[in-house]
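*Asks:* Sequence order for the protein chains is A and B. If you count by our numbering, then the first sequence holds residues 278 to 784, one letter each, in order. If you count by our numbering, then the second sequence holds residues 278 to 784, one letter each, in order.
Just so you know, not all the hints are guaranteed correct.
[What the hints assert, rightly or not] Distance ranges between label pairs, derived from CB positions: (1) A:Glu405 with B:Asn583: 57 to 63 Å; (2) A:Asn283 with B:Lys302: 31 to 37 Å; (3) A:Arg511 with B:Lys398: 35 to 41 Å; (4) B:Ile460 with A:Lys459: 36 to 42 Å; (5) A:Lys625 with B:Asn503: 38 to 44 Å; (6) B:Asn406 with A:Pro298: 56 to 62 Å; (7) B:Asn583 with A:Asn310: 46 to 52 Å; (8) A:Pro502 with B:Thr475: 29 to 35 Å; (9) A:Lys625 with B:Asn784: 36 to 42 Å; (10) A:Asn283 with B:Lys458: 56 to 62 Å; (11) B:Asn306 with A:Pro502: 42 to 48 Å; (12) B:Lys756 with A:Lys401: 28 to 34 Å; (13) A:Pro502 with B:Lys441: 41 to 47 Å.
Simulated from the structure, these hints should not be mistaken for lab results. Please read these numbers as outputs of a predicted model, since none were measured by experiment. Backbone N, C-alpha and C define an ideal beta-carbon position, used for all residues, glycine too.
Protein chains: 2
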Amino acid sequence: MIDFCNLNSYKKLKDLSLSPPDLTKCLSNERFNDYIMDNDPLKILFSTERINKNILAELFNLANETHALKKMENMQSGQVMNFVKGIDCENNKVMHTATRDVFDEQRGTKESKFFYNEILKLKKFINENNNKFKTILHIGIGGSELGPKAIYKALSRYKKNKIKVYFISNIDPDNLFSILKKIDLKTTLIISVSKSGTTIETTTNEKIIRKFYNNKENYISITTPNSQMDDLARYNKCFYILDSIGGRFSSTSMVGAVTLSLSFGIDVFMDFLKGAHKMDKIALQTSNNLPLLSALLGIWNINFLNTSNLAIIPYSESLSLFPNHLQQCAMESNGKSISQNASFLNFKPSGILWGTQGTNAQHSFFQFLHQGMEISAIEFIAFKKSQYEEDMIVDDTTSQEKLLANLFAQSFSLAKGHKNENKNKNFEGNRPNHIILANQLTPATLGSLLAFYEHKIAFQGFIWHINSFDQEGVQLGKKLSTEILQMIKKKEKMTDNYLYNYLKEMN
Amino acid sequence: MIDFCNLNSYKKLKDLSLSPPDLTKCLSNERFNDYIMDNDPLKILFSTERINKNILAELFNLANETHALKKMENMQSGQVMNFVKGIDCENNKVMHTATRDVFDEQRGTKESKFFYNEILKLKKFINENNNKFKTILHIGIGGSELGPKAIYKALSRYKKNKIKVYFISNIDPDNLFSILKKIDLKTTLIISVSKSGTTIETTTNEKIIRKFYNNKENYISITTPNSQMDDLARYNKCFYILDSIGGRFSSTSMVGAVTLSLSFGIDVFMDFLKGAHKMDKIALQTSNNLPLLSALLGIWNINFLNTSNLAIIPYSESLSLFPNHLQQCAMESNGKSISQNASFLNFKPSGILWGTQGTNAQHSFFQFLHQGMEISAIEFIAFKKSQYEEDMIVDDTTSQEKLLANLFAQSFSLAKGHKNENKNKNFEGNRPNHIILANQLTPATLGSLLAFYEHKIAFQGFIWHINSFDQEGVQLGKKLSTEILQMIKKKEKMTDNYLYNYLKEMN
Numbered sequence: 278m279i280d281f282c283n284l285n286s287y288k289k290l291k292d293l294s295l296s297p298p299d300l301t302k303c304l305s306n307e308r309f310n311d312y313i314m315d316n317d318p319l320k321i322l323f324s325t326e327r328i329n330k331n332i333l334a335e336l337f338n339l340a341n342e343t344h345a346l347k348k349m350e351n352m353q354s355g356q357v358m359n360f361v362k363g364i365d366c367e368n369n370k371v372m373h374t375a376t377r378d379v380f381d382e383q384r385g386t387k388e389s390k391f392f393y394n395e396i397l398k399l400k401k402f403i404n405e406n407n408n409k410f411k412t413i414l415h416i417g418i419g420g421s422e423l424g425p426k427a428i429y430k431a432l433s434r435y436k437k438n439k440i441k442v443y444f445i446s447n448i449d450p451d452n453l454f455s456i457l458k459k460i461d462l463k464t465t466l467i468i469s470v471s472k473s474g475t476t477i478e479t480t481t482n483e484k485i486i487r488k489f490y491n492n493k494e495n496y497i498s499i500t501t502p503n504s505q506m507d508d509l510a511r512y513n514k515c516f517y518i519l520d521s522i523g524g525r526f527s528s529t530s531m532v533g534a535v536t537l538s539l540s541f542g543i544d545v546f547m548d549f550l551k552g553a554h555k556m557d558k559i560a561l562q563t564s565n566n567l568p569l570l571s572a573l574l575g576i577w578n579i580n581f582l583n584t585s586n587l588a589i590i591p592y593s594e595s596l597s598l599f600p601n602h603l604q605q606c607a608m609e610s611n612g613k614s615i616s617q618n619a620s621f622l623n624f625k626p627s628g629i630l631w632g633t634q635g636t637n638a639q640h641s642f643f644q645f646l647h648q649g650m651e652i653s654a655i656e657f658i659a660f661k662k663s664q665y666e667e668d669m670i671v672d673d674t675t676s677q678e679k680l681l682a683n684l685f686a687q688s689f690s691l692a693k694g695h696k697n698e699n700k701n702k703n704f705e706g707n708r709p710n711h712i713i714l715a716n717q718l719t720p721a722t723l724g725s726l727l728a729f730y731e732h733k734i735a736f737q738g739f740i741w742h743i744n745s746f747d748q749e750g751v752q753l754g755k756k757l758s759t760e761i762l763q764m765i766k767k768k769e770k771m772t773d774n775y776l777y778n779y780l781k782e783m784n
Numbered sequence: 278m279i280d281f282c283n284l285n286s287y288k289k290l291k292d293l294s295l296s297p298p299d300l301t302k303c304l305s306n307e308r309f310n311d312y313i314m315d316n317d318p319l320k321i322l323f324s325t326e327r328i329n330k331n332i333l334a335e336l337f338n339l340a341n342e343t344h345a346l347k348k349m350e351n352m353q354s355g356q357v358m359n360f361v362k363g364i365d366c367e368n369n370k371v372m373h374t375a376t377r378d379v380f381d382e383q384r385g386t387k388e389s390k391f392f393y394n395e396i397l398k399l400k401k402f403i404n405e406n407n408n409k410f411k412t413i414l415h416i417g418i419g420g421s422e423l424g425p426k427a428i429y430k431a432l433s434r435y436k437k438n439k440i441k442v443y444f445i446s447n448i449d450p451d452n453l454f455s456i457l458k459k460i461d462l463k464t465t466l467i468i469s470v471s472k473s474g475t476t477i478e479t480t481t482n483e484k485i486i487r488k489f490y491n492n493k494e495n496y497i498s499i500t501t502p503n504s505q506m507d508d509l510a511r512y513n514k515c516f517y518i519l520d521s522i523g524g525r526f527s528s529t530s531m532v533g534a535v536t537l538s539l540s541f542g543i544d545v546f547m548d549f550l551k552g553a554h555k556m557d558k559i560a561l562q563t564s565n566n567l568p569l570l571s572a573l574l575g576i577w578n579i580n581f582l583n584t585s586n587l588a589i590i591p592y593s594e595s596l597s598l599f600p601n602h603l604q605q606c607a608m609e610s611n612g613k614s615i616s617q618n619a620s621f622l623n624f625k626p627s628g629i630l631w632g633t634q635g636t637n638a639q640h641s642f643f644q645f646l647h648q649g650m651e652i653s654a655i656e657f658i659a660f661k662k663s664q665y666e667e668d669m670i671v672d673d674t675t676s677q678e679k680l681l682a683n684l685f686a687q688s689f690s691l692a693k694g695h696k697n698e699n700k701n702k703n704f705e706g707n708r709p710n711h712i713i714l715a716n717q718l719t720p721a722t723l724g725s726l727l728a729f730y731e732h733k734i735a736f737q738g739f740i741w742h743i744n745s746f747d748q749e750g751v752q753l754g755k756k757l758s759t760e761i762l763q764m765i766k767k768k769e770k771m772t773d774n775y776l777y778n779y780l781k782e783m784n
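Just chain A, with the same shape it has in the complex (with noise of 0.2 Å):
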């Protein structure tokens, strides 16, 4: 195995990144038609990236010479792809798509048979505790949290009844106080989720949960088999999810399926997951693979043209929650400094993933997009139809035809820039980006579009030669908390620990 600075094509995208095409000059009908990937429900517009027909094929080398869609077949067939080579790690599969291959009659991992049983397990749940409860209290934290309180704000639309839905995640107690104010224990169900069983602002949130109110019938867990949590004697039910599957990606295991399927029933769960085994095959295709196409153009921008960050702005609300899961997602997994070889790496793969929905956007920080020294790569995320399909035509135009004006005027003026003699409105252009495009946010098309990032992560790191799929960077602060707790148990003065300073300011 070789390192990514080393490869041919790695080689060759430097040589060419010393003259990208320069977007402020290029810019053609032509180029728009040319820069166009279409496989249903995404079309991925990107004639406002800095590439060109030779760079493209050479980023498809580069993906040829990591075996990157190879290294996608195996992971979706189940081969141990969490690994650093020689050294103590997880070392495990990784089968989030397990989840999804449900609806694959050939395929049938006995993960997703697993997965399967535990839908069976969820269906049974609903019917028997039909209008039972007003509220749930979703309890977890990072993968336990940020994609199914995501995915509940962008499908809300979809709403079958009136339970209302809180999330809990914080060890902040503010965050659990305020929201035990407003709601009745007795008609909430209260569904805790860690793939551990051990999660401290879990745990600690649902143990002073029971002080108030402690009815088994009220509580569910969501937790790997034989965790603490895995414990019938507390909980009504306990639903299972493989430790194959890394909690950023659980959106689809039942870490998601439970609150959403309340929320929204089964049925519309069910076609999320159809999207993102949708999304599943097309990352097997050799050509129009969408979630490739989209790794290399980060890569591009990344390695070749030190971009430092990535904004993602979708252009719709629903969506706005959607930045925030996709931050995980990345982050927590190429956030890396060691190769997959454990040797430590000498370029830097991913970077900051931040964003917020758009047209909020262009009035925060959309400034520094145009006109800041620091180049941010781009991709907005937008849909044809509204999803309420409720709108009025105010001045000639529909707000949803407003809204698209506006991010194709954004897209289109970060590239083409403008010159302008006053410094002060002179736009230098040049700014990669480019638009993903579905026509409506319907639970499919989100499925699809979360499997897409989901994919696209996995193949920069295939590429980067990184292992995706461990988190070791969080370990030492929840050694070193843990540490602080015990001092603060015993009460001891313990000046000579640096850590005591702390302690002295809390008081």
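Put chain B on the given structure of chain A with help from the hints.
*Replies:* Quick look at chain B alone, frame taken from chain A:
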């Protein structure tokens, strides 16, 4: 006037940046205590920044050499600060501190008197309309929404009544129509906020609402005198903001005052202003000047240690929207590429500002902060006491103790790192960060914290010698979106216009 990179102190700092202190080796109790700045209500713990006494002294020399304090005085006393020399520009005062001058007998600019009169109008309006409205729709975008919404969330513990508050900002029709389903317009106060009176998102959303219910009594506007929205034929009341207050600095003006006072009572809003005023005065001090210190630490990290971004992590659920507001404040203010002398910059001011509340962020992107290859500067915000002061002991500690233990563990471990032969468990450390600590998130403390960041951003602009108070970079996109909307209206086939390609994609 000389350019930033030609300053004596810049050159000395460049030399000093060749050997910044190694935090993996130098943390000691003495260092902890040496790098604290305490000025009620905020305390900065910054032993975990890569500075030493020499660097700090030279950073303050940089402030002196650029007359940063004098410029702060000039700004607060009403001199024209919003300008770029020699070119067509806004050429205006920067008067957001005037909204807080009402507490200072010795000052009292004409702008503060103007604002005080608006507050009296608001008091009268609140008395006359007591219990009349069940719902508030705050319509505004960018500076007219991010601040008020973040403050509304931050102070929700102080809610005085049952009025439901919704914020509508996006032109996306799903934003408006999803909310219209939930409310009764007859008992709703619609507050339209636009400084210019012409913001397309705000005026369009208001026009659509009026098609459903057009009773003047239910509409008020917040705008500059004589704008299109200053119209008592259409609004029950018009409240004014002066043109010399920038949108992103307008939270303490009528832009924030109306919705916040209707929700929390005018006394809470005045406490919030008092807190801001306290920080305005601290920003003028020659010693213990908290925002100046913070500005200088930021400049050290950006311009000398080459961090591309700043993560703001409040360990407070109530501050979960605060980073979004600061994102606009910082990036729209200092995301510029020309100096105040109208020359192109040869250094990067500002960078991405992003962040999420802790502990949540630990479970999302902290992997990247600890082990990623792109170094982020990090500012933590924390409070000794929770807001609700309700808590429980679980496993011998309270949730508030767990929250702070996590914060301290993160700050320390990011700086200190941890050597491990297993490269996957190795932490390089030297991630620069500091903690802003206060007693409790009260209205006054929030005011101080907001003004702290406003002044930090202003100080950075003063030192970089850029104009932090305009936003010409948002104009090009606006112009082009209008052009696209014209094409939509006319329905002509304009195949010679590149923008027409996008139009074809809309259908």
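*Asks:* Name the hints, by number, that the structure is in violation of.
*Replies:* 3, 4, 5, 7, 8 and 12
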